[in-house]
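Numbering-wise (the working numbering), the sequence shown opens with residue 183 and increments by one.
Among the clues, some could well be false.
Unchecked claim - Subject to a maximum C-alpha distance of 20 Å in a straight line, what follows is the list of computed SDA-like cross-link-like pairs (lysine to any residue):
id, residue 1, residue 2
1, Lys680, Pro753
2, Lys680, Leu728
3, Lys680, Glu714
4, Lys680, Ile281
5, Lys680, Ala705
To be clear, the hints were calculated from the coordinates, so they are not data collected in a lab. All values reported here derive from a predicted model rather than from experimental measurement.
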Amino acid sequence: MPTRSAPDPVIPTTGSAPTRGNPTLIVVMLSLCGIVVSLQQTLLLPLLAELPRLLDTSASGASWLVTATLLTGAIATPTVSRLADMYGKRRMVLLALAISVAGSLVGGLSQVLPLLIAARALQGVGMALVPVGIAIMRDELPRDRVPLGVAMMSATLAIGAGAGLPLSGLISEHLDWHACFWLTGAVGVLLMLGARAIIPESPVRTGGAFDIRGAILLSAALTAILISLTKGGHWGWTSPTTLGLVAAGLVTLVIWVPLELRTPRPLVDVRVASRRAVLLVNVASIFAGFAMYVNMLVSMQYLQMPEATGYGLGLDMLQAGLWMVPNAAAFGLMAPVSASVTRRLGPQTTLITGAAIMAVTYLGRVFYSDSLAQVVIGSVCVGIGTSLVYSALPTLIMRAVPVTETASANGLNVLLRSLGTSTASALTAAITTASVTVVAGTGFPSASALTLIFWLAAGSATVTVVLGAPMLRMREYAVEADRSGAERTGGAAAQVVKGQVVNARARAIRYAVVTVLTPHGEAVDWGQADTEGRFTVAIPQAGDYLVVTTADGWQPRSRLMHLDNSAPLPPIALRDRLTLTGNVIDAEGAPFVDALVVLTRQSGEVVGSLRTDHEGRYEMPRPANGRYVLSVAAREGQMGARAITVLDTAYDIDLVLGTPLA
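Using the sequences and the accompanying hints, generate a full structural model.
In structure tokens:
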């Protein structure tokens, strides 16, 4: 189906009723949840050097404490996000918190590596809270407060990471290392109680059957790819194990994509994700994630490497962690600024500005990283740019997808950001291992290796700017597209309406797009039908709406319908197929009867063929938009061909054949 611009709704408030929850408390509670799950990811990192001794294991074995969290976080994010859209967002927040708390309990009581790896795996599930929390903000906050809420939720990843480094140093100096687990577990329990009391359950729930097969395949693919990225440096980047895992992951993805296209209610709606508006944001997220993570990795190298390396500042773990706090603080302080830029200039401008700041700063850090002040200032400036970028990405996603896809679409976006950070970690490890400087018999990353990584980060940020440029011209990201639940409903609970698009014979029409507007023409929501022709849309309240239905190859239909989730919606029937018709005649206007007409794509595939009738006329269903070649062969040996471009309309194309071929 061709890419089309989905409408961007502007829905005025229908009353002055209060929202279903306190917006400020909702933002604070969700932000705290994000900070805690981010803390869980980083709190143990500074202790990795000591864990082999504490657990009587190798450095490679201890590294699985990081890998396990990364893997389960990547797997849980799309899965929990889809479940949140289907069965309730608060329910999934509480579930993710409960699993994380269980991981903290197991870790706090464990002394052996296998149990600690299991504990870290359970903690990784908490990463799914970030996209689900962003989706809750879209449902519950007034429209003008959504950008600030999203900026705060996005900033929690950096705030938690920045706080985790010095906090881990304090714990290692004054407490048993198990306190890392007990701390996050205790806070997690408090957050569960707070979330249960403060966050209302989302009214936007689609229900239906969960795509277990798609979840298993995607989990297998992600596991193979992420293990190869995190362990490739230890196994060797060209080792059979590393290459085999990469190949297995890619092959699994090749199998997974067409399976998702055929699944009625897929884990990831590939057709929505492949729309240009969504695809640009997701690709930009990979490069932005790469540029963001380099900042933390390389800055810590500069702070902790010995002074004898020529660039290191020789700080201990606690000191280095404290000097990274300004970077985390920049994220939190920039949230209101990011929200203001988004409200006034649009999220596209926020994205481009932030990525440009990152690119310019990294170029500066190539030449200016000689002192503590330069390292800290450079880190903070990159953090400022990252804050802008990370606050814009969820907003861009939400403005380009239906209301009922909010959590799952953001889940995929967060997953791709994680893929970018994993790539940054793997590439940094590969470069710093390949280029070392020896000090007192010990190898350390060379200054040229760190400079090369800065160049790569600057290039990655520049690619993000380039990807953001075409977004400026796309209507999907217009400010009126921000469909906030509280603003949309005026305080009432939204409703999810389900329906089906069929043809005149009551057979399902796949991938139709259903757009819902008010009777005055103000857009409400849109949805794309699945392989069974079924769709879901969110409306503020029961009432009469203008429903516009389009499908590739069919005449669009517009009708005024009463939408109410308490009553079954009658099927929407598209009755008129768009056709490709014409006459095959000779130079004098005489028809060619029973001539063969063949339609092929310009790439060579045959689309269809038929023969002309007794009047020399042909008629075939109009194909998908694109470039084609229409060929004709008559019994008299005469032939002809014509290149055509098919767009969203019916076509009448006549062909006049010349003299017979010799």
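Okay, the hints, checked on the actual structure:
no.: 1; hint: Lys680 - Pro753; result: 10 Å, holds
no.: 2; hint: Lys680 - Leu728; result: 15 Å, holds
no.: 3; hint: Lys680 - Glu714; result: 12 Å, holds
no.: 4; hint: Lys680 - Ile281; result: 32 Å, violated
no.: 5; hint: Lys680 - Ala705; result: 17 Å, holds
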